[in-house]
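S.K.: Input sequences plus hints: build the corresponding full structure.
Okay, here's what each chain looks like letter by letter:
Protein chains: 4
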Amino acid sequence: MSEPRIRLGMVGGGRDAFIGAVHRIASRIDDHYELVAGALSSTPDKAIASAKDLGIAEDRAYGDFKTMAIREARLKTGIEAVAIVTPNHVHYPAAREFLKRGIHVICDKPLTSTLADAKKLAKLAESSGALFVLTHNYTGYPMIRQARQMIAAGELGDLRVVQTEYAQDWLSENLEDTGQKQAGWRTDPARSGVGGSTGDIGTHAYNLASFVTGLELRAVCADLDSFVEGRALDDNAHVLMRFDGGAKGMLWSSQVAPGNENALALRVYGTRGGLEWRQEDPNYLWYTPLGEPKRLLTRGGAGSGADAGRMTRVPPGHPEGYLEGFANIYSEAALAIKARRAGGKPPADAVYPTVQDGLAGVAFVAACVASSKRGGVWVDV
Amino acid sequence: MSEPRIRLGMVGGGRDAFIGAVHRIASRIDDHYELVAGALSSTPDKAIASAKDLGIAEDRAYGDFKTMAIREARLKTGIEAVAIVTPNHVHYPAAREFLKRGIHVICDKPLTSTLADAKKLAKLAESSGALFVLTHNYTGYPMIRQARQMIAAGELGDLRVVQTEYAQDWLSENLEDTGQKQAGWRTDPARSGVGGSTGDIGTHAYNLASFVTGLELRAVCADLDSFVEGRALDDNAHVLMRFDGGAKGMLWSSQVAPGNENALALRVYGTRGGLEWRQEDPNYLWYTPLGEPKRLLTRGGAGSGADAGRMTRVPPGHPEGYLEGFANIYSEAALAIKARRAGGKPPADAVYPTVQDGLAGVAFVAACVASSKRGGVWVDV
Amino acid sequence: MSEPRIRLGMVGGGRDAFIGAVHRIASRIDDHYELVAGALSSTPDKAIASAKDLGIAEDRAYGDFKTMAIREARLKTGIEAVAIVTPNHVHYPAAREFLKRGIHVICDKPLTSTLADAKKLAKLAESSGALFVLTHNYTGYPMIRQARQMIAAGELGDLRVVQTEYAQDWLSENLEDTGQKQAGWRTDPARSGVGGSTGDIGTHAYNLASFVTGLELRAVCADLDSFVEGRALDDNAHVLMRFDGGAKGMLWSSQVAPGNENALALRVYGTRGGLEWRQEDPNYLWYTPLGEPKRLLTRGGAGSGADAGRMTRVPPGHPEGYLEGFANIYSEAALAIKARRAGGKPPADAVYPTVQDGLAGVAFVAACVASSKRGGVWVDV
Amino acid sequence: MSEPRIRLGMVGGGRDAFIGAVHRIASRIDDHYELVAGALSSTPDKAIASAKDLGIAEDRAYGDFKTMAIREARLKTGIEAVAIVTPNHVHYPAAREFLKRGIHVICDKPLTSTLADAKKLAKLAESSGALFVLTHNYTGYPMIRQARQMIAAGELGDLRVVQTEYAQDWLSENLEDTGQKQAGWRTDPARSGVGGSTGDIGTHAYNLASFVTGLELRAVCADLDSFVEGRALDDNAHVLMRFDGGAKGMLWSSQVAPGNENALALRVYGTRGGLEWRQEDPNYLWYTPLGEPKRLLTRGGAGSGADAGRMTRVPPGHPEGYLEGFANIYSEAALAIKARRAGGKPPADAVYPTVQDGLAGVAFVAACVASSKRGGVWVDV
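Protein chains in written order, with the numbering used here: chain R, 1 to 381; chain Y, 1 to 381; chain U, 1 to 381; chain B, 1 to 381.
None of these hints come from the bench; they were simulated from the model. None of the values given here were measured: they were computed from a predicted structure. Check before you lean on any hint, since a few could be wrong.
[To be verified] Listed next, the in silico SDA-like pairs over lysine to any residue satisfying Cα-Cα at most 20 Å (straight line):
#, chain 1, residue 1, chain 2, residue 2
1, B, K338, R, R313
2, B, K373, U, V377
3, Y, K181, U, P315
4, B, K373, U, W378
5, U, K373, B, V379
6, Y, K52, U, P316
7, B, K338, B, R7
8, R, K373, Y, R218
9, U, K373, B, R218
10, R, K52, B, P4
11, U, K52, Y, D31
12, R, K338, B, L54
13, Y, K373, R, G246
14, U, K76, U, A130
15, U, K373, B, V377
16, R, K373, Y, V377
17, B, K181, R, R313
18, B, K338, R, G55
19, R, K52, B, R218
20, R, K52, B, E34
[Stated by the list, open to error] Derived DEER-like restraints, expressed as beta-carbon distance ranges:
#, chain 1, residue 1, chain 2, residue 2, range
21, B, A306, R, G245, 49 to 55 Å
22, B, E126, R, N174, 53 to 59 Å
23, B, E34, R, R278, 34 to 40 Å
24, R, R341, B, A306, 43 to 49 Å
25, B, R374, U, G230, 31 to 37 Å
26, R, K100, Y, R278, 49 to 55 Å
27, B, T77, R, A342, 27 to 33 Å
28, R, D16, U, E292, 47 to 53 Å
29, Y, E216, R, S127, 29 to 35 Å
30, R, N174, Y, A152, 25 to 31 Å
31, R, G245, Y, R278, 27 to 33 Å
[Unchecked claim] Interface residues of chain B toward chain R, partial, derived using beta-carbon atoms under 8 Å:
#, residue
32, V22
33, I25
34, R28
35, D31
36, D281
37, G303
38, A306
39, R313
40, V314
Even glycine gets a Cβ: it sits at the ideal position worked out from N, Cα and C.
M.R.: And the structure:
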C-alpha cells in the first residue's frame with residue numbers, strides 16, 4: 001500500500017459528462033491512482049475549465065488528447081495510465097495515441113463504434129507493451145466474481161441455459177431531441193456506432209454472461225426495434241443465443257421499459273444447480289443446488305468465497321454498490337500496472353475485461369444488427 | 001346463491017392424478033358445483049375405486065367416459081357439465097362425447113395433443129349448444145384481471161414489449177424413467193403431443209400474455225431443446241414473438257431451470273407505463289406510470305379495480321392463491337352455465353378462456369416446433 | 001374420504017359479515033363438512049334471509065342460536081358441529097348451548113370478550129364430551145407447521161428472542177363512526193372486550209408465537225394507545241414479553257400503520273439458527289443455520305418436512321393462501337371429529353388451537369391492558 | 001471543487017482495525033480530504049508501521065494522539081481536521097486534545113464510553129471554535145434524507161408510531177474469547193462503556209429514528225440481556241419509547257439474531273402515511289400515502305427530492321451503498337469546514353450529526369441500562 005500512486009490522465013469526462021465522474025471516484029476509492037492530467041472535452045475551452053474544476057495543474061490541462069499523449073509521454077513523471085471516457089467513436093483514436101507511446105489504457109465500453117476500429121484496436125493493444133483494461137464494470141461486483149468462481153468449480157454442472165437482460169426506461173420518449181447530452185450521443189450512429197441499446201447496455205449483458213459462464217457465443221438471432229419515432233438506433237433488442245457446447249441463451253436489452261431503472265440481470269442454469277443475480281441488488285446471489293432449498297449468498301457472508309472476498313471492503317450487510325464494483329476494476333488494473341511498473345507480469349488473480357472482450361462485444365452488436373436487418377436470421381458471431 | 005348447484009361430472013382425475021384434485025377443490029370453493037358422476041381413470045377398476053374414494057354414488061361411477069356421456073345425457077338430473085382432466089390426447093375424444101350431447105365442457109389445457117384435433121374440437125364446440133371452458137387457470141388471478149383491465153383502459157399506452165416466461169425445475173433429471181406418472185405422460189409425444197415444456201407450460205405463458213394484452217400473435221422464431229438425454233420432447237424453449245401492430249415479445253419456457261418451482265411471470269411495457277406480475281406472488285402487481293414511482297398494487301387494495309374486485313374473496317393482505325385463481329375460472333363458468341340454464345346468455349362479465357384460446361395455444365406450440373425444426377426461422381402462427 | 005361429511009351448523013356469519021364466509025369456504029375446501037343449519041344473525045329476519053341465501057333448508061334456518069342448539073340436538077341427523085363466527089361477546093353464550101348438548105364447537109377468536117367468560121368456557125369445554133376448536137387460523141399455514149416442527153426438533157437450539165408483529169392500517173381513521181359494521185363492533189368494548197388491536201390481532205400474534213415456539217409466556221409490559229380520537233379501545237400496542245426459561249420477546253399490534261394490510265410476522269432466534277415468516281407471503285420460510293447462508297424454504301419444496309407436507313394440496317410454486325390455511329384448521333378438526341364419531345380418540349397429529357389457547361389469549365389481552373393502565377409495568381400472565 | 005483539499009489526521013484505525021479504513025475511503029470518495037498525519041494505534045510501533053502502510057510521511061506518523069495534536073497545531077500546514085476512530089473510551093481524551101487546539105473533530109460513535117465524558121465533551125465542543133462531527137453514518141443515506149424531508153414537510157401527518165431495529169448475528173457465540181479484536185473491545189465495559197448492543201448499534205437505531213422523525217425522546221422502558229454466557233454487556237435489548245407529543249416507539253437491538261447481518265431498519269407511521277426503510281437495501285424507500293397504493297421511491301428516481309438528490313452521485317438503479325452514505329457525512333462536514341476556512345458559517349444545508357446527538361445517544365444507552373437494571377421500569381431520558 002505504501003507504493004506510490006499510479007499517475008492517471010483522463011480523456012473526456014468534463015462538465016456535463018456522466019461516466020467520467022464515475023471513473024474518477026472509482027480510481028480514488030482504493031487509493032491506487034492520482035489524477036494528474038486531462039483532456040476532458042473535445043471542446044478545448046471546456047477541457048481546460050473542466051480540468052481546473054478538478055484541481056489538475058494548469059500545465060497538464062490539455063485541449064486535445066493527442067497533445068496530451070505526446071507531452072505526457074515526454075515527461076519524467078508523466079501519466080502511467082489514461083482513462084478514456086468519451087463517446088464511443090473517440091475510443092479508438094484516443095487509445096491509439098496512448099498505447100503507441102506505452103501508456104496503459106483504461107477504456108470505457110463498448111470498445112469502439114465500429115467493428116473495423118475494434119479489430120484495429122485489438123491488434124494494436126496486443127502488440128503494444130501497454131495494458132488495455134475495458135471497464136465492463138459489472139464484472140467487478142463481488143457476487144459476480146462469486147458466480148464465476150462457482151461455475152468454474154463445476155457447482156452448476158454442465159451449463160444449459162443463460163438468461164440475461166438489461167432493461168432501462170430513460171429513453172422511453174424522445175429525450176435526444178430535447179438537448180439532453182447523454183441521450184444525444186447514445187442515439188447517434190455517428191458517435192455510438194450501429195448499436196443503440198445493444199451497444200450501450202446489451203454489450204454489458206453479453207459481456208457479463210460470458211465473464212460469468214466462460215461460454216463462447218457461436219450464433220445469434222436478433223429482433224431489434226426503434227420504438228421511439230425518429231430514432232435511428234435500436235432501443236429494444238430481443239436476442240436468442242447459441243453457445244459452443246450446446247448451451248442456449250436469451251438476451252433482452254431495452255431502454256423503453258417503464259419501471260426499469262438499470263435492471264441488468266443474469267440467470268444461469270446447469271445440470272446441478274442455478275444462479276440468479278440482479279445488478280440493482282448486487283450484494284445478493286441466489287444459489288440453488290438442484291433438489292435443495294434456495295440459498296441467498298451475500299457479499300462477505302457465509303458461503304461466499306475467495307474471489308468475492310478479494311473485492312470486498314466492508315462486512316456483510318454493509319452494502320457495496322456500483323461505485324465499488326467499478327473501483328474493483330480499477331484496483332484489478334492497478335495490481336497489473338504496479339506489477340508491470342516493478343518489471344513483473346500482472347498477477348494471475350488480477351482479473352479485468354480486456355481488449356479481446358471488447359472486440360467480442362462489438363462483434364456481438366454487429367451480429368445482432370446484421371441478424372435483425374436480414375429479418376431475424378441466425379448469424380454466426 | 002340460492003340457486004341449485006351445477007351437477008358436475010369428471011373425466012380423469014383418479015388416484016395418483018394431480019390436476020383432477022385441483023379441479024375438484026376449485027369447483028367447491030364458491031359452492032357452485034356438486035360432483036355427482038365420474039369416469040375417473042382409463043382403467044375401469046381404478047375409475048370405480050376412485051369414484052368411491054370421492055363419495056360418488058355407485059351407479060354414477062363409470063368405467064369409461066363414453067358410457068358416462070350416454071347415460072348421464074339420458075338422466076333427468078344427469079350432469080350439466082363435465083370436467084375433463086386427462087392427459088392431453090384424451091381431451092378431444094372425451095369432449096366430443098359430451099359436447100354432442102349438449103353437456104357443457106370444462107377442459108384442462110392444452111386443448112388437444114394435435115393441431116388437427118384442436119381444429120375439429122373448435123369447430124364442434126362452436127356448433128354445439130354447449131359451453132366450452134378451457135382452464136387456463138392463471139387468467140383467473142385477480143391481479144391478472146387487474147392488468148388486463150388497465151391495459152384495455154389504455155393506462156400503458158401503446159404496447160411495445162411483452163416479456164413472459166414459465167420456468168420450472170422438476171424435469172431437470174430423467175424423472176420419466178423412474179415411473180413418476182406426471183413426468184411419464186408429460187414427456188410422451190403420444191399423450192402430450194409435439195410440445196414438451198412448450199405444450200405443458202409455454203401455452204400458459206402465451207395464453208396469459210394474450211389474455212392480458214389483447215395482442216394477436218403473428219409469428220414466432222423458436223429454439224427448442226431437449227436437454228435431458230433421451231427425452232423426446234422439448235424441456236426448454238426460447239421464443240421470439242411478433243405481434244400485430246408492431247409489439248414484440250420474448251417467451252421462455254423451461255422445466256430444467258434449478259431454483260424455479262413454478263415461475264410463471266409476465267411483464268408488459270407500453271408508451272405510458274409498465275406492469276410486472278409473478279405467479280408465485282400473485283397478490284401483487286407492479287405498476288409504473290412512465291416518469292412516476294413504481295406502485296405495488298395489491299389484490300383488493302387501493303388502486304385495484306372492478307375486474308379484480310369481482311374475483312376477490314378476502315381483504316387485502318389475506319393472500320389468495322393458485323386454488324382461488326382456479327376457482328375463479330370455475331365460478332366464471334358457473335355464471336355462464338347458470339345463465340344458460342335460465343335460458344339466457346352468459347353475462348358479459350363472465351370471462352374465461354374458450355376453445356378459440358385453446359386452438360391458438362395448440363397452434364402456438366405447432367409453430368414453435370416447426371420453427372425450431374427448421375433451424376430457428378420465423379414461422380407465421 | 002368416502003366417509004359421510006360432517007353436518008355443520010353456523011352461528012353468525014349472515015349478510016354483511018366477513019369471517020362467516022371465510023369459515024364456509026374453509027369448511028368446503030377439503031370436503032369434510034356440509035352446512036345444514038344456521039342461526040346466522042342476531043336479528044331473526046336477517047338470520048332467516050341469510051340462510052336462504054346459502055341454500056340452507058327452511059326448517060333448519062333458525063332465528064337464534066339457542067333454539068338451534070335445542071332442536072338440532074334432538075334431530076337424528078342434527079348437526080355434529082357448529083361454527084361460531086359472531087362478535088366476541090357472543091362466543092361464550094353460544095358455545096355453551098352447543099357444548100352442553102355434546103355438539104362440537106369450532107369458534108372464532110378471541111375466545112371471549114372477558115376473562116371471566118373465558119375461564120368459564122374453558123372449564124365447560126374441558127368437562128364436555130364435545131371438542132372445542134379455536135380458529136387461530138394462522139396456525140394452519142404449512143410453513144408455520146414447518147417452523148414449529150423445526151423448533152421442536154431443536155434446529156434453532158435454545159430459543160433466545162421472539163419478534164412478532166401484526167400491523168394493519170384499516171383503522172387509521174375513525175371508520176367506526178361511518179357505520180362500517182366490522183369497524184363498529186371491533187372498536188366497541190361491549191362487543192369486543194377490553195382489547196382493541198390487542199384482542200383482534202394481537203392475540204393472533206401471541207398465539208402464533210406460542211404455537212411455533214412452544215414457549216410459555218410469564219410476564220408482559222405493555223404500552224397501549226388509542227391514537228384515533230374518540231376510540232375507546234387500543235389501536236396500537238407495544239408489548240415486551242418474558243418467557244419461562246429466559247427467552248424474551250417483543251410484540252407490536254397496530255391498526256393505524258399506513259401501508260400495512262395484514263402484516264402478521266414472526267421471527268424466532270436461537271443459539272443455533274433463526275427463522276422468519278410473513279403472513280402476506282406465507283409460502284416462504286427463511287431459515288438461517290448459524291454461520292451458514294440463509295435458505296428460503298418453500299411450501300412443498302426441498303427442505304420442507306412432514307408437518308407442512310400434511311397440509312399441502314398443490315406442488316411448490318403453486319401458492320396456497322389464507323383460505324387454505326384456514327381450511328387446514330377445519331380439516332384438522334375434521335380428523336378429530338371423525339375419529340370421535342368412530343368412537344376413537346382424535347389422532348395425535350390433528351393439531352389445532354384449543355380452548356386453553358383461547359384462554360391464554362384472553363389472559364394475554366387482560367395482562368396487556370392491566371400493564372398499560374398502570375403506566376406500563378410488568379404484569380404476570 | 002478546485003479548492004485545496006482539507007488536511008486530515010486520524011487517531012486509531014491502524015492494522016486490524018475495521019472502521020478506520022471505512023473512514024479513509026469515505027474521506028476520499030468526494031475528494032475533499034487528504035490524509036496527511038496519523039496516530040493510528042495506541043501501540044506506538046504499530047502506529048508508525050500503520051502510517052507507513054498508508055503512505056503517511058514519516059515525520060507525521062505519531063506514536064500517540066497528544067503528540068500529534070501538539071505538533072500538528074504548530075505546523076503551518078498542519079491538519080485542519082482529525083478523524084477519531086478508536087474504541088469508545090478514547091473518544092473523549094483524544095477529541096479534547098484537538099478541540100482545544102482548534103482542530104475540527106470527526107468522531108466515530110457512540111460519542112463516549114460514559115455519560116460523564118459525553119457531558120464534558122459536549123460542553124467542550126460547544127465552547128470550542130472547532131466543529132464536531134459525529135459519524136452516525138446511516139444518516140448519510142440519500143433515502144434517509146428523503147424520509148426526513150418528507151416528514152418535515154408533513155407528508156406523514158402527525159407521527160404516531162416509530163419502529164426501529166438493528167439486528168446482527170456476529171456475536172451469537174462467544175467470539176470475544178477467541179481473540180477477535182472487534183468482538184474483544186465491543187464486549188468490554190472498560191472500552192465500550194455500559195452498553196453492549198445498545199451502545200454499538202442501538203445508538204445508531206435511536207439516532208436514525210430521531211434524525212428522520214425530529215421527535216424528542218422522553219422516556220424508555222428496556223429489557224436487556226446478555227444471552228451469551230460470560231458476556232458482561234447486553235447483546236440483546238428490547239426497548240419501548242415514548243416521545244414528546246405522544247408518539248410511541250419500539251427499538252430492538254441484537255447481536256445474537258442468526259440470519260441478520262446488519263439489519264438496521266426504520267418504519268414510521270403517521271396520520272397521513274407511512275415510510276419504511278432497510279439499511280441493507282438502502283436505495284429504496286417505501287412510501288404509502290394513507291389509502292393509496294404503496295410506492296417504491298428510489299435514490300435519484302421519480303419522487304425523490306432535493307435532500308436526497310444532493311447526496312446522490314449516480315443515476316437511479318446504480319446502487320450506492322454503505323461507503324457512499326458514510327462519504328456523505330464526510331462531504332457534509334467538508335462543506336462546513338471549508339466555509340469555516342473561508343471565514344464564513346457552515347451552510348444551512350450541511351447536515352450531519354453533532355455532539356448533541358452524540359450526548360443524546362449516550363444518555364439513551366444510560367437510560368436503557370438503568371431501566372433494565374431496575375427490572376424494566378420507565379426511565380426519563
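S.K.: Against each hint, give a clear statement of whether it holds in the structure.
M.R.: Against the structure, the hints come out as follows:
{"no.": "1", "hint": "B/K338 x R/R313", "verdict": "29 Å, violated"}
{"no.": "2", "hint": "B/K373 x U/V377", "verdict": "14 Å, holds"}
{"no.": "3", "hint": "Y/K181 x U/P315", "verdict": "15 Å, holds"}
{"no.": "4", "hint": "B/K373 x U/W378", "verdict": "14 Å, holds"}
{"no.": "5", "hint": "U/K373 x B/V379", "verdict": "17 Å, holds"}
{"no.": "6", "hint": "Y/K52 x U/P316", "verdict": "28 Å, violated"}
{"no.": "7", "hint": "B/K338 x B/R7", "verdict": "11 Å, holds"}
{"no.": "8", "hint": "R/K373 x Y/R218", "verdict": "19 Å, holds"}
{"no.": "9", "hint": "U/K373 x B/R218", "verdict": "19 Å, holds"}
{"no.": "10", "hint": "R/K52 x B/P4", "verdict": "12 Å, holds"}
{"no.": "11", "hint": "U/K52 x Y/D31", "verdict": "14 Å, holds"}
{"no.": "12", "hint": "R/K338 x B/L54", "verdict": "16 Å, holds"}
{"no.": "13", "hint": "Y/K373 x R/G246", "verdict": "16 Å, holds"}
{"no.": "14", "hint": "U/K76 x U/A130", "verdict": "17 Å, holds"}
{"no.": "15", "hint": "U/K373 x B/V377", "verdict": "14 Å, holds"}
{"no.": "16", "hint": "R/K373 x Y/V377", "verdict": "14 Å, holds"}
{"no.": "17", "hint": "B/K181 x R/R313", "verdict": "17 Å, holds"}
{"no.": "18", "hint": "B/K338 x R/G55", "verdict": "16 Å, holds"}
{"no.": "19", "hint": "R/K52 x B/R218", "verdict": "51 Å, violated"}
{"no.": "20", "hint": "R/K52 x B/E34", "verdict": "18 Å, holds"}
{"no.": "21", "hint": "B/A306 x R/G245: 49 to 55 Å", "verdict": "53 Å, holds"}
{"no.": "22", "hint": "B/E126 x R/N174: 53 to 59 Å", "verdict": "56 Å, holds"}
{"no.": "23", "hint": "B/E34 x R/R278: 34 to 40 Å", "verdict": "37 Å, holds"}
{"no.": "24", "hint": "R/R341 x B/A306: 43 to 49 Å", "verdict": "45 Å, holds"}
{"no.": "25", "hint": "B/R374 x U/G230: 31 to 37 Å", "verdict": "36 Å, holds"}
{"no.": "26", "hint": "R/K100 x Y/R278: 49 to 55 Å", "verdict": "53 Å, holds"}
{"no.": "27", "hint": "B/T77 x R/A342: 27 to 33 Å", "verdict": "32 Å, holds"}
{"no.": "28", "hint": "R/D16 x U/E292: 47 to 53 Å", "verdict": "48 Å, holds"}
{"no.": "29", "hint": "Y/E216 x R/S127: 29 to 35 Å", "verdict": "55 Å, violated"}
{"no.": "30", "hint": "R/N174 x Y/A152: 25 to 31 Å", "verdict": "26 Å, holds"}
{"no.": "31", "hint": "R/G245 x Y/R278: 27 to 33 Å", "verdict": "31 Å, holds"}
{"no.": "32", "hint": "V22", "verdict": "6 Å, holds"}
{"no.": "33", "hint": "I25", "verdict": "6 Å, holds"}
{"no.": "34", "hint": "R28", "verdict": "5 Å, holds"}
{"no.": "35", "hint": "D31", "verdict": "6 Å, holds"}
{"no.": "36", "hint": "D281", "verdict": "7 Å, holds"}
{"no.": "37", "hint": "G303", "verdict": "12 Å, violated"}
{"no.": "38", "hint": "A306", "verdict": "19 Å, violated"}
{"no.": "39", "hint": "R313", "verdict": "7 Å, holds"}
{"no.": "40", "hint": "V314", "verdict": "6 Å, holds"}
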